[in-house]
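Given the coordinates of chain A, work out where chain B should sit on it, guided by the hints.
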Amino acid sequence: MTTAPALDSKQQAAVDAAQVAVQSRGYWTTVGGRIRDDKVTMVCGLVVLLIVFSAVFADLIALADPYKASMLKRLAEIGAPGYPLGADEMGRDMMTRLLYGGRLSLFMGISPIVIAFVIGGTLGLVAGFLGGRVNMAIMRVMDVFYAFPSVLLAVAISGALGAGIGNAIVSLTLVFIPPITRVTESVTTQVRSLDYVEAARASGARSLTIIRVHILSNVLGPVFIYATSLISVSIILASGLSFLGLGTEPPEPEWGLMLNTLRQSIYVNPWVAALPGVMIFFTSLSFNLLSDGLRSAMDVRL
Amino acid sequence: MAAPAVPPVLRAEDVTVRFTGRDATVNAVNGVSFALDPGEVLCILGESGSGKSVTLRALMRLLPARRTELSGRIELAGQDVMAMSHRALADLRGTEVGMIFQEPMVAFDPVYTVGRQITETIIRHEGTSREEARRRAIDLLDRVRIPSPERRLRAYPHELSGGMRQRAMIALALCCNPSLLLADEPTTALDATVQIQILLLLRELQRELGMAVIFVTHDVGVAVEIADRIAVMYGGKFMETGPVREIMRNPRHPYTQGLLSSTVHGSLRGKTLEAIPGSPPDMTRLPPGCAFAPRCRFAEPGCETPPAATQLTPQHMVRCIRAA
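One line per chain: the protein sequences are A and B, in this order.
Heads up: the first sequence at position 287 corresponds to 287 in this note's numbering, and the numbers run straight through without jumps.
Heads up: the second sequence at position 22 corresponds to 22 in this note's numbering, and the numbers run straight through without jumps.
What the hints contain is simulated information worked out from the structure, not anything from laboratory work.
Keep in mind it's a predicted model, so treat the numbers as computed, not measured.
Among the clues, some could well be false.
To give a feel for the contact side, a few chain B residues facing chain A, derived at Cβ under 8 Å [stated by the list, open to error]: (1) Met60; (2) Gly94; (3) Thr95; (4) Glu103; (5) Thr121; (6) Gln311.
Each residue gets a CB set at the ideal place from its N, CA and C atoms; glycine is no exception.
Isolated chain A, as found in the complex:
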């Protein structure tokens, strides 16, 4: 063992400053640091960013018109001149359609989760905080929805409402409200019985303040993470509805629908036919792994 030399005043000041920096390091700095250390999450985050970016700026990136068909170029090979990813069964540029398709697929995948997060989160908070009969009423209704497998429920509601993007979003929202409500309710019930809620009450906080400040802030994190993990499922379900003809209508580019229309061409040009499926797969996988990474990074207790 070597004896540590005494620190002079400047060194001591530096050490103190470092300690201050460590102690006042905020929550988000910690989370950011953890995500940077996690390679899988970083890659998935980049992939998600890339997909979202390319969907949003599709009209700037795309080389062609997504609706412009050409009899001559039908099912062109990948790498054909002017068609970097080939052409579909109507001779429309695949790359352009995949870029534009991302818009609808992402929109139809994410918006039901956002709406369900707001509605289900509110229901779950109310049920968990009030307990008793209110809880009973809300949770039993959710159980009824739970009784159906999610795919079947989405197809049934969509089928009953008729095809269309709006109806598909409504049906997917209804599918995702029950699980989000259930998770919110169980987290709220847990948080509600913790000492700091009683401590807040003992220091004069009213019920609304307690819900808004202490319960919401502790419930939001876990529920948010859970909701992001549902995005991947939602994207697949949305594509599935379109594939079955219950979502987007034919000329629109959408990955699920494209997969359906290219289905017949799978023996003619399997590579092109598989492309929308590949997009769905990677998007959903990236969202899933990203939410997993966020979950472990945002856990305060680790």
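Showing chain B alone in chain A's frame:
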């Protein structure tokens, strides 16, 4: 002694708490009456499950309303707590009464900094500016002997040690100068060296601010250290109350005697500690008479009826037929 003209901070009369469950009714507190003068420290001493913490929560009506039957009279700073609306109660909590909890680990919300939680409470009750509240919070942390308070204000609860967190908890309870502090076993979760520091700090602050304190504990040593007056609780009733010296020198209730002889204070090495035989009563089925009778060495047929309170001196009360 204080002039008799000073009205008590707190007057509780025949406070009874029942928890109604699906299967059984728990008689947690069965008629507790006492008055507390300004600046007085009352220690409620008793085993686990004797109703100490429930009594404390009942004083602020903190118990879950749906499953609790609360009766009796509680008068706090001249106001009738039982008749108060929720809004008035919320205003009372934190201003007239502060409370500190057993587990400092979980008594702070983990997602906000300690400073934020203290300043929010000050702003909530007194409507001061954020800057003023921050200044007061620094002052409070300084007062509970937390070193470099500006820095600690920015700390999250998990970044503080147990003793530090309990100090911060005390600061939070004191932030609006309450006239009564309720302390629910605040030293139980801390280790021995920190325990005594916290006790001394509480005693000092209590003298400095002249507030009344109700201190709940199961540790006789802690009670002797901090209390002016001790109330020994068993089966949801005060079995014996009196000034600390009186209780220590002349315990009259067999339960108090048992408690005192079962602690290590002043006993000889190698001597077996005397324990009270049996276990605490089942609060769902209390005996009709004296709750302690089934474990009492001196039990006699007369214990079948509830013993009346006997005033040995104006301050010293015992609830036992042998004292009558």
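Results of checking the hints against the structure:
| no. | hint | verdict |
| --- | --- | --- |
| 1 | Met60 | holds, 6 Å |
| 2 | Gly94 | holds, 3 Å |
| 3 | Thr95 | holds, 7 Å |
| 4 | Glu103 | holds, 6 Å |
| 5 | Thr121 | holds, 5 Å |
| 6 | Gln311 | violated, 33 Å |
Checked against the numbered hints given earlier, this structure breaks only hint 6.
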